[in-house]
Structure formats: structure tokens, C-alpha cells
Amino acid sequence: MNPIEIKKLKTDFLIIGAGAAGCFAAYEAKKLNPNMDILMVEKAHIDRSGCLAAGINALNAYITPGNTLESFVDYIKKDSMDLIREDLVYTIAKEVNKVADILEKWGLPIPKDENGKPIVRGRGSIVVQGERIKPIIAQAVKRELKDKILNRVVVTNLIVSNNKVCGAFAFGLRDKKFYVLEAKAVLVATGGASGIYKPNNEGQARHKTWYSPFNTGAGYAIGIRAGAEMTTFEMRYVSMRIKDLMAPTGAVAQGVKAKQVNALGERYLEERYSKYGGHGMSTPMRLWATLQENIEGRGPCYLDTTHLNKEQSEKLKAYYLHMTPGLTLYWAARGTTPNTDPPEIVGTEPFIVGGHAQAGYWVDINRMSTIENLYAAGDVAGGAPKKYVPGAAVEGMIVARHVVSRFESIDEPTVAEKDIKDEIQRVFSLLDMRKEVILPDELELRMQKIMDEYAGGISSNYVLNEQKLIKARKYIKDLKKESKSLFGNNFHELMKCHEVIDRLDVAQVLIEHLIYRKETRWPVYQSRADYPERDDKNWLKFVNSIYDQNSDVIKIIERECKPLDKKLIEV
Amino acid sequence: MGIFIDPNLCNGCGFPQSETPCNMACPGDLIYMESTGKAQICCNADCWDCAACIKICPQHAIEINLPFEIVGKENSIKARAYKDKTIWTVKDEKGNEQTFETTARNETSLQSMISPEEFTDTIDSYKGISKTFTDLGADI
Chain A
1 MNPIEIKKLK TDFLIIGAGA AGCFAAYEAK KLNPNMDILM VEKAHIDRSG
51 CLAAGINALN AYITPGNTLE SFVDYIKKDS MDLIREDLVY TIAKEVNKVA
101 DILEKWGLPI PKDENGKPIV RGRGSIVVQG ERIKPIIAQA VKRELKDKIL
151 NRVVVTNLIV SNNKVCGAFA FGLRDKKFYV LEAKAVLVAT GGASGIYKPN
201 NEGQARHKTW YSPFNTGAGY AIGIRAGAEM TTFEMRYVSM RIKDLMAPTG
251 AVAQGVKAKQ VNALGERYLE ERYSKYGGHG MSTPMRLWAT LQENIEGRGP
301 CYLDTTHLNK EQSEKLKAYY LHMTPGLTLY WAARGTTPNT DPPEIVGTEP
351 FIVGGHAQAG YWVDINRMST IENLYAAGDV AGGAPKKYVP GAAVEGMIVA
401 RHVVSRFESI DEPTVAEKDI KDEIQRVFSL LDMRKEVILP DELELRMQKI
451 MDEYAGGISS NYVLNEQKLI KARKYIKDLK KESKSLFGNN FHELMKCHEV
501 IDRLDVAQVL IEHLIYRKET RWPVYQSRAD YPERDDKNWL KFVNSIYDQN
551 SDVIKIIERE CKPLDKKLIE V
Chain B
1001 MGIFIDPNLC NGCGFPQSET PCNMACPGDL IYMESTGKAQ ICCNADCWDC
1051 AACIKICPQH AIEINLPFEI VGKENSIKAR AYKDKTIWTV KDEKGNEQTF
1101 ETTARNETSL QSMISPEEFT DTIDSYKGIS KTFTDLGADI
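If you're matching them up, the sequences are chains A and B in order. Under my numbering, the first residue of the first sequence carries the number 1, and numbering increases by one thereafter. Under my numbering, the first residue of the second sequence carries the number 1001, and numbering increases by one thereafter.
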């Protein structure tokens, strides 16, 4: 290993991840206290990083006319089978519309109806023309932070001393330096985790995934390794998506009111599953019904767009350019349009993502984790499903307010020289050529195969049982040992090595959560064949965990599910 | 397939004096510069089809091709980003082209935009390519 140059930087507030949550945290903090020093680190480049790289065509958390803060919370609670952190969801609800206003001011086009109101796409969702949402957000933040954004810098671990966070370690993809980032407060605002399970497509198409394949669970992994308490990893997110390109369905289902039909042309939700609520049933149940149709021989299922006229079809194609341009190309390449070629719908591989389901850090109302001065927002913050982009942004702002109010009273961070040395060894030793090496792609394939077959992936219809999960536990543990042999030929490959290591840590925690919850709470997301019923008497509670890196043991903690106490929030 | 960068059109955007727009835009860190001064993708199987690179390329040198296992042979999508809109060209197997225009930014917000010259950051500077951006009227 060549000597690595160490770069030490000190800041008041370190933000890991320049997505919606991180950017809104930076913006709010600078607005409240322009003198507080902020440093932002981003694995890619702030202009086009993460989930929003391709854009979005709707804001999916919004209090639409006729809805209230309470109805927003109630809807998410019902859709999540009654187990959510109502305090967190309520505080998100209070500000989602404000986020839309800010985005519009920054330049995001939000089309209006004849009364000058945003166009409602569905319950809690408005239409935006968001192909450029990421550069628009980035521009506003760059104006505030100027040179305090480190692009292409990959965070590898948090620095924690006596259960207080002191900063983070990272390495630069371009400058090849090792970064010691000392901070009084740290916000983890990375994306969730994709690529843990075998994806829908293979080979050259393996990254035609719905969720960004570059969100590889680093935010979770650094918290897990630091001993932060995590919640509800067992609520995986399996999404109903348009086959092949895995494009989101909201634009079709809500946007042009396409109904789900099976191969017989039946509107199966209403015709076959009315006792579960028909078209109005929860998100996981609509997917469950679709899988049932396939199992019982009535597949494939579609979103019926055959009612569209030619002009509407063209508009729908253009609408997808704001989010999944590949789908527009897909229709062109097949020589079809939506009205002649309705999109086929399937389930994705399971993702771990707190912005849609609720896996993440266990946080208080200020989004502080169980480690002092360590915060989480967006996809990595637990307990608040369906927060989407607006909710992630709100969480970022909530964190910023808390940090601004107290950073002056936080002691100066300290970092032990030995920790720096150890981390350099852990991070960069994978660049050394050794006799027996494993490439990151090889290890990834093996991990995805194990998770697919033993921990409820696509090939097992997402179904879980204890015996298989115990095998998954063993195989993932074995694979973690083998990860010591990972080899990166250059810094891009080195990043890929650490992305697999991070996902193995996430997978290990996920498996323990899946084993522990002995009921079926969220069909498809968490379907236990050995405990097929929902059991509110014993399981209407949170399953949390803390990992001890030294003993490699995961301790499970149960937490109460509490009703909303508005008095606590208003204070 | 993910993307194809046409080596005849790619002019390297001033590399190595500045980081190139495509290299900078890629959320997966997949684009690198060859010793010939041309941009190249390191692993097409890792591409997400997000189109960030094709919109930003001042040379219009990049297109997305869908993988054979999904949809067959020849197809492509190109795009160019202007200040307030993006223009897309979609081509099918038979070479038929279709053009789309999408709104990308509020006109009212354009006045408050940072000028392209200020469009820099410390780690990877845009300097050296910013003029190209102004000339072409292309936005991020």
C-alpha cells in the first residue's frame, strides 16, 4: 500500500449525503445561522447524485385539498398496518407543502390548474416537471455553502467516542486522500439500500432498477457499525413497478387513472379482492393481489392504458422523461405506445429504504439518534414511511434547527490517532494485490443469491420462514469473513468493495429483524409462512436492534408503539 | 448496454485541465477519461439510464441504448438541456425519430440563477468548460 495523504477538516455540522434531506438541512441551517460552519460530503456530485439523478414527476407527500395533517397521518398509519411513529409522521405532515413552495421558488416547475392550484395526481401527490429537480436543489445549496461541499468523497465510518459522535472518516475518489472530518454534530442523510437482493433483471440490465443502484446502504452501515439503534428493518419495501425498466407506476395508476387488470381483462382488485378493500386496499396488499393473480395462473397483470387516445399516450411518454427516460425509449424501441401496449406490472426485489417503508435509525422528535449529536434524516431515518422527497426535506430542516440551537454548547470533537490508523488500514488494504482475491461484483452476486433464496427475494415470492432465515444468517456471516479478500484495482473499484461490505452489514441486521418478528404484519414486505397472521396482541410494537462490532452480536430491543401526543410536539 | 459515447463527437471538454461534465454528472462514478482524451464508460452493466450525462454533454455525443435482453437491438435516446427546457430525440429500430420537449425550470426563477461563470466548486472545478456552456446556451 502506498502512503495515503491524510486531510483533516474541522466543522460544526457535517452533513453526509447531498440529497433532499442533506440539502434542505444545509439550506435551513445557513438561513438560521450564517456563521455556523457546515461541511457537506457526497459520494457522487451534488448536481446529479442519488435517487433524484434522473428526476421525478410528482411530489408524493403533500397535503392536498380536503386533507388535513391528521388525515395524512391516518392514511400512512393505515397503509403501514398501524405500526408507525405518529410523532415523526405528524411533524413531517406539518411542512411538506412548505417544501413544495421552496422548491418552486428555486425554479422547480409545478403546473397549476385553472384555479392556480397544483395539479393533484392522487391522494397526497401533486404533479411536478422535475427532470432537473436535483440541479435546482443543488444550485440553491451551492449558493449557501460555496466551497464547503466535498464531491466524490465516500464516507466509510463514523467517529464515535463515549457514545458521542465526533465526525466521520472518508476517502476521496478523485484526489485519493483519506479524510478525517471532525464535527460537533453529524447528519446521516444518505440514501437507503438497493442491491441487497437479486434484482429483477440480470446481466447488462442488472441496474435497470427502480431505486437508485448507487444507494448502497452506507448510511445504515456506518450507524450499525457505530452501535446506533436501528428500527423496523423487517419492513422491507417491495414496489409494484412497470416490468423491465422497473419504472414507477404512479404516473399511470394515478395520473391517467389506469386500473390494474389481469390477463383475462378483469379488474381483479375489485372483482376478486373486494373483501380486502378492492381498489382502496393498502399499497402492500395491491401488490400481494397482483402476485396472487400470477400464482393462480391469471398473469401477466397490467395497468390498463388502452382507454387513452393517441394524444394522451404521447403525453404520458413525455411525462416519463421527467423520471424514467428509459421507459419512453422502451415504447419507441418496441414500436408501440401506451394505448396499444399497456405496461405490465411486477414486484421489484426488496429494498431497505425508510422513505417508502420505515427501516432506519431510531430517532427522537429532533431526529437525533441514540448516539449523541448524531442525526438521521430522509431514507435512513426510521419510523416514518411514505415521507418521499418532501418528507426527507422536512426532516433535514428539523435537524438543522436543532443543531443550530445547540452546537455552541457541544464540546470540541476529539479523534484518537489509533482510530485514524486502523481505519486507513481497513479502507485501503483492499487495494493491495494478494494471492487470493474476490472481486466486488463476485461477492455482490453471492450475497444477492443468498438473500434471494433464503431471505424472501423474488424467486421465493418474497415468502419467509425461520429455517431459511437461519441459513441466510449463517451464509451472510460466512460471507462477511470472506469480504476480507475483496480487491479493488482502482479507487472506483475500492468504492465498490466498500459498498458490498456496507450491504453485508445491512443484510445481517435485516435477517435478525426478519427472524425476530413472529407474525405477518406487512404482506409481501414481510410475509412469514410460519406465522401467516397479523398478531396485534403480541406484535404491535417496534423491533429495534443494536450491533456490537467487537462481539459481532446483534441485540434486539422492543419498543412501544405510542399514539400521537400533540402536546409533546408543540412544545 | 447503458450509454454509448461517440468517440468521433467527444472532444474531451478540456480534460485534464478540468473535470468533464459527463464524468462529473454520473451518479455512479462510471465515466472516466481515456489516455486519448475521450470519455468512456467503465461498466455499462452498472448504468442506471438516468440520462444525467447525455443532457449535460456539450458535444451531444452520448446516447442511451437499452440492453438487448430487455428490448432487442437498435434504439437510442439523446437529449440536450437548455436553460428552461430539455429536448429529447428518441429513435426506434427502424430509425424513426420522435422529438419531445420537457419543461425543466421556471422562467421566473431564471433571473436569480447564478451565472455559469460562478458555477464552480472547490474539489472539481467547472472552470475551463463554463464558456462552452454559455456559448451553447446549455444548462446543467
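Hints listed in this document are in silico derivations from the structure and should not be mistaken for laboratory results. For clarity, every value in this text was computed on a predicted model and none was experimentally measured. We treat Cβ as the ideally placed atom computed from N, Cα and C, and that holds for glycine. Errors might be hidden in some of the hints.
Said to hold, decoys possible - Okay, the calculated bits of chain B under chain A, using three or more residues with CB under 8 angstroms as the criterion:
(1) 1006 to 1015
(2) 1019 to 1027
(3) 1033 to 1045
(4) 1092 to 1098
To be verified - Within a straight-line C-alpha distance of at most 25 angstroms, the following computed DMTMM-like cross-link-like pairs (lysine to aspartate or glutamate) qualify:
(5) LYS1073/B / ASP147/A
(6) LYS315/A / ASP1046/B
(7) LYS310/A / GLU344/A
(8) LYS1094/B / GLU311/A
(9) LYS1078/B / GLU311/A
(10) LYS315/A / GLU1101/B
(11) LYS1083/B / GLU344/A
(12) LYS105/A / ASP1084/B
(13) LYS1091/B / GLU344/A
(14) LYS310/A / GLU1093/B
(15) LYS1083/B / GLU314/A
(16) LYS1085/B / GLU104/A
(17) LYS1083/B / ASP341/A
(18) LYS243/A / GLU1074/B
(19) LYS1091/B / GLU314/A
Consistency of the hints with the structure:
1. Given as covered by chain A, the stretch 1006 to 1015 of chain B fails the check, having 0 residues with a CB less than 8 angstroms from a CB of that chain where 3 are the minimum.
2. For the stretch 1019 to 1027 of chain B, the assignment as covered by chain A holds, since 5 residues bring a beta-carbon within under 8 angstroms of that chain's beta-carbons and 3 suffice.
3. Coverage of the stretch 1033 to 1045 of chain B by chain A holds [criterion: at least 3 residues with CB-CB distance below 8 angstroms; count 3].
4. Coverage of the stretch 1092 to 1098 of chain B by chain A holds in this model, with 5 residues showing a Cβ closer than 8 angstroms to a Cβ of that chain against a need of three.
5. For a cut-off of 25 angstroms, the pair hint linking LYS1073/B to ASP147/A is broken: about 45 angstroms separates their Cα positions.
6. Taking the CA atoms of LYS315/A and ASP1046/B, the gap is about 30 angstroms. The hint is violated against a cut of 25 angstroms.
7. Under the criterion of a C-alpha separation no larger than 25 angstroms, the hint pairing LYS310/A with GLU344/A is consistent with the structure, at around 19 angstroms.
8. For the proposed pair LYS1094/B and GLU311/A, the alpha carbon gap of about 22 angstroms is at most 25 angstroms, so the pair holds.
9. Annotation: proposed proximity of LYS1078/B to GLU311/A holds, straight-line Cα distance about 22 angstroms (limit 25 angstroms).
10. For the hint linking LYS315/A to GLU1101/B, the alpha-carbon distance of about 11 angstroms falls within 25 angstroms, and the restraint holds.
11. Distance restraint check for LYS1083/B and GLU344/A: the Cα-Cα separation of roughly 35 angstroms exceeds the 25 angstroms cut-off, and the hinted pair is therefore not satisfied.
12. Between LYS105/A and ASP1084/B the CA atoms are separated by roughly 14 angstroms; this keeps the pair inside 25 angstroms, and the hint holds.
13. For the given pair, LYS1091/B sits about 22 angstroms from GLU344/A by alpha-carbon distance, which is consistent with the 25 angstroms threshold.
14. With a C-alpha separation of about 21 angstroms, the suggested pair LYS310/A and GLU1093/B falls inside the 25 angstroms cut-off, and the hint holds.
15. Straight-line distance between C-alpha atoms of LYS1083/B and GLU314/A comes to about 24 angstroms, which keeps the hinted pair within the 25 angstroms bound.
16. For the suggested pair LYS1085/B and GLU104/A, the alpha carbons sit about 16 angstroms apart, so the restraint of at most 25 angstroms is met.
17. Distance check on the hinted pair: LYS1083/B and ASP341/A sit about 34 angstroms apart at the alpha-carbon level, beyond 25 angstroms; violated.
18. Restraint check for LYS243/A and GLU1074/B: satisfied, since their Cα atoms lie roughly 20 angstroms apart, inside the 25 angstroms limit.
19. Restraint check for LYS1091/B and GLU314/A: satisfied, since their Cα atoms lie roughly 15 angstroms apart, inside the 25 angstroms limit.
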